[in-house]
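Take a look at the letters that make up each chain.
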Amino acid sequence: MSQTASIELQGVDKEYRRDDFKIPVLTGLDLTVAEGEFLALMGPSGSGKTTLLNLIAGLDRSTRGKVIVHGQDLGDLSEAEITRWRAHNVGFIFQTYNLIPVLTAFENVELPLLLTSLSKRKRRDNVMTALKVVGLKDREHHYPRQLSGGQEQRVAIARAIVTDPYLLVADEPTGDLDRTSAGEILDLLEQLNQEFQKTILMVTHDPLAAERASRTLHLDKGQLVDDKVREARVPAAS
Amino acid sequence: MVPLKYNVRNLRVRWKTTMMTVLGTALVVWSSCILFGLVQGLEYSLKASGEPFDLIVVRKGSSNENTGGFDAVKADDILNLPGIARDDQGRPIAAKETLNIPVAERANGTRTNVIIRGVQPASRLLRPDFKIVEGQDFQPGKGECIVSRNLSRIFKGAQIGGLLQFGEKEQYRVVGIFTAGGSAAESEVWADFTDVQRNTGRTGTVSCVQLRAASPQDLDALKKTIDGDTQFRLEAKNEIEYYASQNTSGAFLKAAGTLIAVLLTFGAMFAAANTMFAAVKSRTREIGTMRALGFSQFDILVSFLSESLILCFLGGALGVLATLPLSALTIETSNFNTFAAMTISFRFGPLVLGTAIIMTLLMGVFGGMFPAIRAVRLDVIRALREL
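First to last, the protein sequences are chains A and B. Going by this note's numbering, 13 is the number at position 13 of the first sequence; the sequence numbering is gapless. Position in the second sequence counted from 1, then plus 238, gives you this note's numbering.
Only chain A is shown next, with the shape it has when bound in the complex:
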């Protein structure tokens, strides 16, 4: 296992405001995630799992404390800079896939590449490679409505990896899937972690899904209450 720190959270607080009330969601959180780790975040609803994921993915900002990802303190970035940072460093996998219904599988996967300066031919190569990795090379012309839930999620994973990001964040990636499809998606995430050394953060309620991760964090009321590491699951350093 590589011991290089990939993600570091130092004394992170996150509060939301509702009228005059402050609602604390995360309190004094310290966390280090190594490069190439597959981390599962578990906990009851409202425990702060998705908020933590959003902070690390650069979608949200901490109220206090530092969030450092791959050496970059996200607090130092402006709105425009953090948007660009996300485009290059983070791949998103959502519970409801969030594919654009009017775009084909190919076009959905190509979407993040439109923010790069790659040529059309290079974009096509990258998209086809990503679709091949998720096993949907023959579905490039299909629209989301023409795909099953599992296939939609695989297209979403292809979209997440097509820019070869440093970090993959998955919010309940199997939450909307049947057991078989969920198993296939988890296999795919494991493959991405072990073969392609992607650092993966996955929020899940499903203990079976969490078992596929190399490390499982339990949150409750905005604090880390448990941290289990399964050494056997951690990939060898490349």
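Quick caveat, the hints were computed from the structure, so don't treat them as lab data. Each hint should be verified, as a subset may be incorrect.
Stated by the list, open to error - Quick list of in silico lysine-lysine cross-link-like pairs, DSS-like style, CA-CA up to 30 Å:
hint : chain 1 : residue 1 : chain 2 : residue 2
1    : A       : Lys120    : B       : Lys243
2    : A       : Lys22     : B       : Lys519
3    : B       : Lys407    : B       : Lys369
4    : A       : Lys120    : A       : Lys137
5    : B       : Lys243    : A       : Lys132
6    : B       : Lys312    : B       : Lys461
7    : B       : Lys298    : B       : Lys461
8    : A       : Lys22     : A       : Lys221
9    : B       : Lys407    : B       : Lys312
10   : B       : Lys285    : B       : Lys312
11   : B       : Lys243    : A       : Lys122
12   : A       : Lys22     : A       : Lys66
13   : B       : Lys243    : A       : Lys137
14   : B       : Lys461    : B       : Lys243
15   : B       : Lys407    : B       : Lys380
Stated by the list, open to error - Output of the computed footprint for chain A on chain B, the stretches with three or more beta carbons under 8 Å from beta carbons of chain A:
hint : stretch
16   : 272 to 282
17   : 530 to 544
Claimed, not checked - Partial list, derived from the structure: chain B residues whose beta carbon lies under 8 Å from chain A:
hint : residue
18   : Met239
19   : Tyr244
20   : Arg247
21   : Asn248
22   : Val251
23   : Arg391
24   : Gly395
25   : Glu524
26   : Thr527
All residues carry an ideal CB built from backbone N, CA and C; glycine is no exception.
Since chain A is already given, all that's left is putting chain B on it; use the hints.
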């Protein structure tokens, strides 16, 4: 940038609202185009009526031919002035003309004023592209007349063989239909100068003299002679300037048209905005997803503005296309100077096209701006949670 096909396909997916907005926009563009097409038709008609070397001589101080009558002897003197252009047979291209504006009955039974112009042979040369298109020219002294094609469609008895009767003494048998290059003459009935003088009891006076100078130097000299002669007490007006000063109807139509177009454009902007607000609302999660993937606020703004512009462009194009079949449209209105019937033919020109483009852009940009700003301001995390 968000690919344009994203917007185009979304418009296709919600084709019902797209169609409604496109049709609404098209209707606005179409109606404004018609209005401005008529303004342009009127402007063209007055512009076509004026020739650069032509002078129109009226009584000093009068604003138009109808109020500018003067002694026929003076008119004869003017016809013999040096510097007037000559026709093939060496005759001066200059004509005495007299105007009468009686009330006539339209084919639908209503009544309005109509211009009867008593003309001389040279009058035909002084109008652009004067042509008898049906029947024949009138013969002097026989109580005959020719009618412009536009008026022949409007007035009772104005077709070939018909009888135009005004009061007890004045009547003319229609023997021909003419066109005159879209000029003001296309709103007139022409008869022989002497016939009209006699019928109206105006022997010895003329309404105006129209003449063509042989050269620019002659034009200046003729103008100087006529304006400067204290005996004449007449004024030689350059035809182009004269007809421009007669365009009060055009100014009114233009002002009314602009006001109506502005109001309609505002209405269409709200329609476009409504459609785009609905689009933003129904695609909140898609917007959140694209923002999460790294598309900037500017990308989203441009994307939704483009969609609004496409929507309005489709409407604008449809509106303009629907205008084209109306190029043969001619409407009747009143000349604000003579209160006589005036026909205006629709003209599809730069003013119409410019109006359509400006309206389309305004509707697209302002109709799409606020929804696009709403899309840009969406909180990414909340947008992603939207179902």
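Sort out whether Lys122 (chain A) lies within 30 Å of Lys243 (chain B), counting only the CA atoms.
holds (20 Å)
Between the alpha carbons of Lys461 (chain B) and Lys243 (chain B), is the straight-line distance 30 Å or under?
Violated, because 65 Å separates the two Cα atoms, which is more than 30 Å.
Given hint Lys66 (chain A) paired with Lys22 (chain A) - CA-CA distance at most 30 Å:
It holds: about 20 Å lies between the C-alpha atoms, which stays within 30 Å.
Hint Asn248 (chain B) vs chain A: min CB-CB distance below 8 Å?
Hint holds; Asn248 (chain B) Cβ to chain A Cβ min 5 Å, cut 8 Å.
Minimum beta-carbon distance criterion (8 Å), Arg247 (chain B) to chain A:
Hint holds; Arg247 (chain B) Cβ to chain A Cβ min 4 Å, cut 8 Å.
For Lys120 (chain A) and Lys243 (chain B), compute the direct alpha-carbon distance and say whether it is at most 30 Å.
Holds, because 15 Å separates the two Cα atoms, which is no more than 30 Å.
For the restraint on Gly395 (chain B), tell me whether the closest CB of chain A is nearer than 8 Å.
violated (64 Å)
Lys22 (chain A) and Lys221 (chain A): Cα distance at most 30 Å?
holds (14 Å)
Does the alpha-carbon distance linking Lys285 (chain B) and Lys312 (chain B) stay inside the 30 Å limit?
Status holds; Cα separation ~28 Å.
Residue count check for the stretch 272 to 282 of chain B against chain A: does it reach three with CB-CB under 8 Å?
violated (count 0)
Per the CB criterion, is Tyr244 (chain B) less than 8 Å away from chain A?
This hint holds: Tyr244 (chain B) lies near chain A, its Cβ roughly 6 Å from the closest one there, short of 8 Å.
Lys298 (chain B) and Lys461 (chain B): Cα distance at most 30 Å?
Satisfied, since the Cα-Cα distance of roughly 12 Å is no more than 30 Å.
Hint violations for this structure: numbers 14, 16, 23 and 24, all remaining hints satisfied.
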